[in-house]
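Spelled out, the chains give:
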Amino acid sequence: MAAADSPSAALRRRDLCSRGIRLAGKMRSDVVDLLDTYVERQGLDASASVAAVEGVPVAAAERWDEQTGTQRLLENLAAYRAFRALLAQMLEEQREQLGEADAALGRALAAVLLQVSAFTYHLEELLRLESRGPPSEEGAGPPPLPHLGLFERKLRGLGVLRELAQWAVRSARDLRQLAKPGPGSGSAPSLAESP
Amino acid sequence: QNLKCVTHNLRKMICAWDVSSKERHGQTDFCYTTNDLPPPVCFRTKEKRVEIPVPESSTMVTITTNSIYGTAFATKEFEIHQKDISFVPLTPRILSFTPDFSTSTLNLKWSDNGSVFPYGLGAFWQIQILRKEAMEKVTQVTYYSKLTHEDIILSWNWTSDMPLECTSHYVKIRYYINATQFVGPKDWSDWSPVEEVPGKDTEPNGSGVFPQDTVVAVGSDVTICCVHEEGQQIQRMTYGPEIYPMIHLSSRSSAIRVLNASASDTSGTNVVCILSEDEMDGTVLFVGYAPDIPQNLSCETSNFLIIKCTWKPGRPSGLYGKRRTKYSLFERISGKNVSCEVNEMNRERVCGFPVLADQKTYDFILGVSNPIGQAESSLLVDLTQRVRPKTPEKLTVSGNSSTSVRLHWFINGSFAEIRLLCQIEISSGHSERKLHNVSVPGGKFSTYTAQLNGLNPYTKYQFRVRCLAADHFWRWSDWSRREQHTTLEA
Numbered sequence: 001m002a003a004a005d006s007p008s009a010a011l012r013r014r015d016l017c018s019r020g021i022r023l024a025g026k027m028r029s030d031v032v033d034l035l036d037t038y039v040e041r042q043g044l045d046a047s048a049s050v051a052a053v054e055g056v057p058v059a060a061a062e063r064w065d066e067q068t069g070t071q072r073l074l075e076n077l078a079a080y081r082a083f084r085a086l087l088a089q090m091l092e093e094q095r096e097q098l099g100e101a102d103a104a105l106g107r108a109l110a111a112v113l114l115q116v117s118a119f120t121y122h123l124e125e126l127l128r129l130e131s132r133g134p135p136s137e138e139g140a141g142p143p144p145l146p147h148l149g150l151f152e153r154k155l156r157g158l159g160v161l162r163e164l165a166q167w168a169v170r171s172a173r174d175l176r177q178l179a180k181p182g183p184g185s186g187s188a189p190s191l192a193e194s195p
Numbered sequence: 001q002n003l004k005c006v007t008h009n010l011r012k013m014i015c016a017w018d019v020s021s022k023e024r025h026g027q028t029d030f031c032y033t034t035n036d037l038p039p040p041v042c043f044r045t046k047e048k049r050v051e052i053p054v055p056e057s058s059t060m061v062t063i064t065t066n067s068i069y070g071t072a073f074a075t076k077e078f079e080i081h082q083k084d085i086s087f088v089p090l091t092p093r094i095l096s097f098t099p100d101f102s103t104s105t106l107n108l109k110w111s112d113n114g115s116v117f118p119y120g121l122g123a124f125w126q127i128q129i130l131r132k133e134a135m136e137k138v139t140q141v142t143y144y145s146k147l148t149h150e151d152i153i154l155s156w157n158w159t160s161d162m163p164l165e166c167t168s169h170y171v172k173i174r175y176y177i178n179a180t181q182f183v184g185p186k187d188w189s190d191w192s193p194v195e196e197v198p199g200k201d202t203e204p205n206g207s208g209v210f211p212q213d214t215v216v217a218v219g220s221d222v223t224i225c226c227v228h229e230e231g232q233q234i235q236r237m238t239y240g241p242e243i244y245p246m247i248h249l250s251s252r253s254s255a256i257r258v259l260n261a262s263a264s265d266t267s268g269t270n271v272v273c274i275l276s277e278d279e280m281d282g283t284v285l286f287v288g289y290a291p292d293i294p295q296n297l298s299c300e301t302s303n304f305l306i307i308k309c310t311w312k313p314g315r316p317s318g319l320y321g322k323r324r325t326k327y328s329l330f331e332r333i334s335g336k337n338v339s340c341e342v343n344e345m346n347r348e349r350v351c352g353f354p355v356l357a358d359q360k361t362y363d364f365i366l367g368v369s370n371p372i373g374q375a376e377s378s379l380l381v382d383l384t385q386r387v388r389p390k391t392p393e394k395l396t397v398s399g400n401s402s403t404s405v406r407l408h409w410f411i412n413g414s415f416a417e418i419r420l421l422c423q424i425e426i427s428s429g430h431s432e433r434k435l436h437n438v439s440v441p442g443g444k445f446s447t448y449t450a451q452l453n454g455l456n457p458y459t460k461y462q463f464r465v466r467c468l469a470a471d472h473f474w475r476w477s478d479w480s481r482r483e484q485h486t487t488l489e490a
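For the protein sequence lines, the chains are A and B, in the order given.
Counting in our numbering, the first sequence runs from 1 upward without gaps.
Counting in our numbering, the second sequence runs from 1 upward without gaps.
Just so you know, these hints were derived from the structure itself, not from any lab.
It is possible that some hints are incorrect.
Here are the simulated lysine to any residue pairs, SDA-like style, with alpha carbons at most 25 Å apart [unchecked claim]:
no.	chain 1	residue 1	chain 2	residue 2
1	B	Lys360	B	Gln181
2	B	Lys326	A	Ala104
3	B	Lys322	A	Leu113
4	B	Lys390	B	Gly429
5	B	Lys326	B	Val216
6	B	Lys322	A	Arg107
7	A	Lys26	A	Glu125
8	B	Lys4	B	Gln181
9	B	Lys322	A	Ala111
10	B	Lys322	A	Gly149
11	B	Lys322	A	Glu125
12	B	Lys322	B	Lys360
13	B	Lys326	A	Gly106
14	B	Lys322	A	Arg95
15	B	Lys326	A	Glu92
16	B	Lys326	A	Gly149
17	B	Lys322	A	Glu96
Just chain B, with the same shape it has in the complex:
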């Protein structure tokens, strides 16, 4: 009685039946037809189950039970239709279940066993993550894949909301094949055996507070756990100045959950686990901001040797020292990359990049990154249009006439490829200041001169000078220091 057939791969099925106690010891003659076509295939078996092909529509089965002496007891015929055959995939096989403690991520790899199935079937995988001593279900996801008549290794990642050190994490999977052409009842496979990533609360010297000295973004929800030795009790766990309610994970591990974490002080927020006999363990959590996209990126050169880029950093990250925001300047055309030394405490941001021989255009990407995130800003500049000469130095005024003088000044820089426009400010006493422009060919670390005529005799004048690139107005240099001179008497 009760002949039941199950297939695990849609090609073969296992049929099993019951016999009365009298017939249990004898052999059985089993015959079946393939796709309703005689002659039947027959064989003798001691088992109470056989594996035969799955019929396309139906198959006739004849079962004759015999006594231990070989005499036939009873014969029964069954017609098995496909709709009577259950399709239950075999229990899946997990290949690996590995942790990445730094990101609290679990990676699961398993074989889809696709080679046993016809091509192109869809498979639904249920993956269950469990946790704690009580193996409570944390999450269950359904993952879809296409079977390709080959054994494909599938991979899936899951990031825990708590450090993996805190307690053991487990996984199990099962799957369902969406064989629409198969008319019989279909069911999920059995769950795979459970795989485990053990927590530190299972290790002899595993105690500690986790995560250890990590960085999270402001607004994050963070779980911090205290793993202690067997027999120890946690009196309380504090986050900064506050005591937090504890979540029991196992006999050696408890956690607190900090919601919407606010920015920490410069030295981080202490998370302290106070154990019995005043023992203490702890960690430091740094809560800060990802870097803002740098604003107002601007690059210029004052000497055609170094390009100076400046920008506005935006909101401070709240992270310092080795966790501070780091800056690098990458120039796409030359492929050259420069890391910038920036003092987190002062607002001005500057980075120097060498002027490259025979390169006029620079395609800059300012990269900004810290442990929480990164951002970038880009700028394309024609360097000849971004010249802001250094402040003219060593201004001297000479003249041995009553109405004209000659000025000399030095500019530190190499401007041989451009012309400079310099502006001389002439002031004397209470009269109105006059500006005199003079265009000079740029030089390499040169001294420049200009002649001023039309001055008043025996008059005390003050002169100062500033310059800019004549071909492309960008920015004036600063004014030089003033230099005084009195013209000769007429």
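Chain A with its partners taken away, still in its complex shape:
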């Protein structure tokens, strides 16, 4: 059982959680806008069903209620690190395929990538409040891009953005869970305990 937080750590964590929730909300609306632009600019069918994209962590979590705070943060961190790399790949491909031709989509992608990076840093900050700190990133990069045709890459991008939008919702819920004060102790339990 980990010791309860000091008041300042709890305050710091609650502050980080509430800022994280706002960031996740903003990210979600931007990702939804980006999805519309992406579908339209890539000539895709908005209703297209996309198979699970390898390397993209799935937002839906079994027994979500039973997760500890640390598990929530670690899963969130793994997801956003993966999204950061995947979005960077998408941006690189965008430049390679279209150059300057679709700067608007490029800018929107870059903006979301920036938010994902910021949110990743935010999660690392929350984990630093624990003694263990965030896991290192070595070898955690996304799987190398399999050789895909352009259409498959377009679908893959669609899959990444859809999953990111789902994650933004889940992250807000996770952070709300973390921000809840502990039962009767007047201060939020340390991450390890909070369900």
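Once you've looked at the hints, dock chain B against the given chain A.
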């Protein structure tokens, strides 16, 4: 009976005959005369066919059939004229039938077997391309060649109207020799055995949509196919937003045919194959224009360090990113080639080329290319006649007299080999602007000075300056910024 002779090479002929059932088992004595000259050549054979020389005009043949005990059954004589001999070339031999998937081109190589024929005969080759499971004939062409008494390897290319991956392509050939001196009946050879280039619809993991991510010209007719696994069904195939009728190629492949393709969006036109259970596969087609010939190519230097060439690109290609139109500037005299960094989105096209030591004349070729085509423009320039100095900077005005001032300005560039003509604009209040020209020797990253006299005392003046190459008027530099100065009181 029925003695028939066929030649495959105009030198030897194979004669075959029928015998009654009684005579089938015994041997045969075969005699023939060569070119009507006795004595005949005779030999005994068990076969019912022999190979003997083709006569120039005719030959007498005597066939005696014997019983198995050697007693003669019957003898028959035939006079064979050349006109009775059929000439049918041997079945041709295909050496290779290879695909180039990137261009959907099939290359066929075969031997013309010329060594067996006299020199100089003409040969007509029929080449048939077949396709699909049902091996439907797609095209048949006739190809002419001259036989040279040597075995020559002939080669022929054919570009399919659909990607070779879509379904198997087959070829077979036959030929006819135009032996005008030979009076007997002439016929086509048999068809060669069929050679095949298998499609992806014959490969276990061959599924996909083809062509993959290709570029075509606006107005093209394009065939796009969907190869899927055995047992899967294609629900529909769409090109952009439209559903297209499907053409059955095989049990694992169907295609659509897009006619007169129009320019695609920046990210290309998606071609989607929707299979059963909502599975989806697709490709992207980029439809654009070949580059126009660059218009108004013009080159000048502003500093004798870099030559700046500009041009009008003409119609946008509609292709971007790695498929964009690329530009390169080649200078013929020095052999130097420079690739130009051009932003497809802005209309101005500029490319820099280094001024080369001791080279005054430049013979430029601006090369333009994209995946659909290429074009070029050329320009021969004498650089000394294409000088447009940079905008004069750091203009200062000094003077400690009531009627004259001294101007100083700097020009970034190396003009040591030419003279500059600079024009000073003098304006004050509402009076008319005056221009004063001054010719100065060019310098290397120099400051230039000029003296102006005849000014009015205690008057506020505004000065600005611009320059050009004095020896060959090309273009003025831009005006410098204005500089204000008031002359002293008289």
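Taking the hints in turn, this is what the structure says about them:
Straight-line distance between C-alpha atoms of B:Lys360 and B:Gln181 comes to about 68 Å, which puts the hinted pair past the 25 Å bound. The straight-line distance between the Cα atoms of B:Lys326 and A:Ala104 is roughly 23 Å, inside the 25 Å bound, and the hint therefore holds. For the given pair, B:Lys322 sits about 23 Å from A:Leu113 by alpha-carbon distance, which is consistent with the 25 Å threshold. Distance hint between B:Lys390 and B:Gly429 is unfulfilled; the C-alpha atoms sit about 28 Å from each other, more than 25 Å.
Distance check on the hinted pair: B:Lys326 and B:Val216 sit about 17 Å apart at the alpha-carbon level, within 25 Å; holds. Our distance criterion of 25 Å between C-alpha atoms is met by B:Lys322 and A:Arg107, whose separation comes to about 19 Å. Annotation: proposed proximity of A:Lys26 to A:Glu125 holds, straight-line Cα distance about 19 Å (limit 25 Å). With a CA separation close to 20 Å, the supplied pair B:Lys4 and B:Gln181 stays within the 25 Å bound.
Restraint check for B:Lys322 and A:Ala111: the C-alpha separation of about 23 Å stays at or below 25 Å, so the hint holds. Restraint check for B:Lys322 and A:Gly149: satisfied, since their Cα atoms lie roughly 15 Å apart, inside the 25 Å limit. Restraint check for B:Lys322 and A:Glu125: the C-alpha separation of about 40 Å exceeds 25 Å, so the hint is violated. Among the hinted pairs, B:Lys322 with B:Lys360 is inconsistent with the structure: their alpha-carbon atoms are about 36 Å apart, more than 25 Å.
Between the alpha carbons of B:Lys326 and A:Gly106 the distance comes to roughly 22 Å, so the proposed pair stays at or under 25 Å and holds. The suggested pairing of B:Lys322 with A:Arg95 holds, with an alpha-carbon distance near 9 Å, which does not exceed 25 Å. With a C-alpha separation of about 20 Å, the suggested pair B:Lys326 and A:Glu92 falls inside the 25 Å cut-off, and the hint holds. The hinted pair formed by B:Lys326 and A:Gly149 meets the criterion: a straight-line CA distance of about 23 Å does not exceed 25 Å.
For the proposed pair B:Lys322 and A:Glu96, the alpha carbon gap of about 6 Å is at most 25 Å, so the pair holds.
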